[in-house]
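Enquirer: Line order of the protein sequences matches chains A and B.
For the first sequence, position 93 matches number 131 in this note's numbering, and the numbering has no gaps at all.
For the second sequence, position 339 matches number 377 in this note's numbering, and the numbering has no gaps at all.
No lab work stands behind these hints: they were computed from the structure.
Just so you know, not all the hints are guaranteed correct.
Copies of the same chain look alike in the list, so a pair counts if it fits in one copy or across any two.
[What the hints assert, rightly or not] Straight-line Cα separation of at most 25 Å, DSS-like style, residue types lysine-lysine; simulated pairs:
(1) 412 x 359
(2) 404 x 393
(3) 262 x 393
(4) 41 x 412
(5) 134 x 147
(6) 41 x 359
(7) 359 x 272
(8) 408 x 41
(9) 375 x 99
(10) 41 x 375
(11) 359 x 129
(12) 41 x 382
(13) 192 x 215
(14) 41 x 350
Protein chains: 2
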Amino acid sequence: MTKAGILGGGQLGRMLLQAAANYPVETFVMENDENCPAAHLCHHFTKGDITNYDDVYNFGKELDALTIEIEAVNVEALEKLESEGVSIYPKPAALKIIKNKILQKQFYKDNEIPTSEFVITQNKSDLNNQLNFLPAAHKVGLGGYDGRGVEIMKTKDDMKKGFDEPAVLEKLVTIKKEIAIIVAVSNNGDNALYPSVDMVFDNRLNLLDYQISPADLPEKVLWKVEAISLKVVKDLQSPGIFAVELFVDIDDNVFVNETAPRVHNSGHHTIEANYSSQFDMLWRVILHYPLGSTEHILPAAIVNLLGEEGQKGEAVYEGMKEILQIENVFVHIYGKKETRPGRKMGHITILSKEKQELIHQANRIKQTVKVLAKNN
Amino acid sequence: MTKAGILGGGQLGRMLLQAAANYPVETFVMENDENCPAAHLCHHFTKGDITNYDDVYNFGKELDALTIEIEAVNVEALEKLESEGVSIYPKPAALKIIKNKILQKQFYKDNEIPTSEFVITQNKSDLNNQLNFLPAAHKVGLGGYDGRGVEIMKTKDDMKKGFDEPAVLEKLVTIKKEIAIIVAVSNNGDNALYPSVDMVFDNRLNLLDYQISPADLPEKVLWKVEAISLKVVKDLQSPGIFAVELFVDIDDNVFVNETAPRVHNSGHHTIEANYSSQFDMLWRVILHYPLGSTEHILPAAIVNLLGEEGQKGEAVYEGMKEILQIENVFVHIYGKKETRPGRKMGHITILSKEKQELIHQANRIKQTVKVLAKNN
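Let's have the full structure, built from the sequences with the hints guiding it.
Expert: Encoded structure:
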């Protein structure tokens, strides 16, 4: 039986393990919190630091395969493990590029993948020379995640929030749409694209507000999105699951924003909305099985369930009965003990043939379901 | 968070726990084997004997809810737990009827639910008086499971195989079809029927050979099947998931064969083929959520994966790559360490619009996938 490990034990690990139980695979998870969402669903849990060389190396050295649920892992240990024969998804070489937002931008440029203009800044004084480059987004090279490590700069005053460390300043594109697309790549190079996803963001927290799949795009734009996404994963030269996030501007130009070399929030609807989910698909890749079908069953919307403002403590979920009365609404509660303002506590998927119905129900769900603290 | 326990840790528990991870529920499993299929997927595993009063009582007394994956559990402990406020799915009163094949038959008769004629035999000498009742099936009252405790009797000679304990002798019906139907019943009495299933049996092991859903039945017969199944669950007066197995004879009469008061092999296809699976549905019942949609996504077939004849030892799975190349084929390996001839090791689901394609692929899969012992 294949021994497969996951670095990180959050909701992505949790959903991976739900899918793993269909296959002949022995599962291992490492995370520094033994009450994390994935801890109880694996065969073997190891408490450890996924950014520490020794922890990652010791965790991985007896495994056949290893994957990640977050980019912030020790890549050097993964390189060592790969050299000793452990299969890593994604390959450490690809992860290294993506993990560092500077290298990632440079990779797009080197491979002639359309992406917004950028300059690299080593420190604040570099940044301060770029006033003419605004409006732009300043992103730290290493360590950004879920809205941390990104600052939008429109005026000179905004530059005070900039990072005094290696970072990339990306020119803001006049965005008509943000699109994500999940791509699966097998060990022998076969690939499969899921239908594209329209992402609607909450600007305040930079967390996804809701998403709809398939995206509403003219065919010509969809082709660009798919062709560019395929080029990204081909140039990364690694098997695995990839989420390519793209901007479509007002002239229907398509730019790659970022790529995640792993299962991703923008693919959560695939659990119910597609025949083979992104989680199922990653196991097919890891176990050297043929790729599954990415065809959609029905159009889908997803609403993220975030910890309510001002609420911190043991999580309780309000409005569940009401929204589960709606046809083809599915909840995914991540099992995090504690809620905090803006923390990702779960997501809710809606299936419907009618796009207007998806938007209507997404809004209704957003207004109805609340994650509160028990004795707040 | 609701604390919910499962008595039994086999594949049904495993699939229940895969579905549980979507909900705010803390899961507990009791089974006498800590390497059982469900052990690693729950929050808390207890090694214990599900037929023992103290083990079941002590396991259940701190829980909010308790369900079963097999009828052979200690019902007296469940009655005690129920009296102390633990919600039991199914109710012990319903389980008591179903668990004993004599009481179950009597229940159908008392409630005017069509079922084949029967006589109760307390011992072998009772049985030997019933030569004129043949052909018939002799079933032990308590303890039968998966083909054990059932003998088909056509001649006087066959009666030697009869049971010298309380049993029921059921007249054989000239069967045109065997049908199963999964019914969900919520705490407030709402119910939902899944599409009916055609079951095709292997007479040698009395294990399911393959099943197809929806069953190919004239509308008039389907109505009978549904009406009778609903009457069965209403008369049992218990929330939960029920699998009603029925015979259709050559004159299109419908008879109830047996009922299982739990998630069931005949509903495994609902994971991929229906919007809300039988496992998802049981959690909705236990957590007092509204019932999900039983509508089918696509017609489905299931093939059980049984341990190959002559093979005993650590299980290996042959032919997986080949069959996973077929569109919309999904494997469920139960994670049992050891294979034995005829042991249920997994199942494979096929989705297709075309019934002929389902049958074709089911046969192809049966010929391709083998569960062998590693160094046999």
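Enquirer: Please flag the earlier hints that this structure goes against, numbers listed from lowest up.
Expert: The structure breaks none of the hints.
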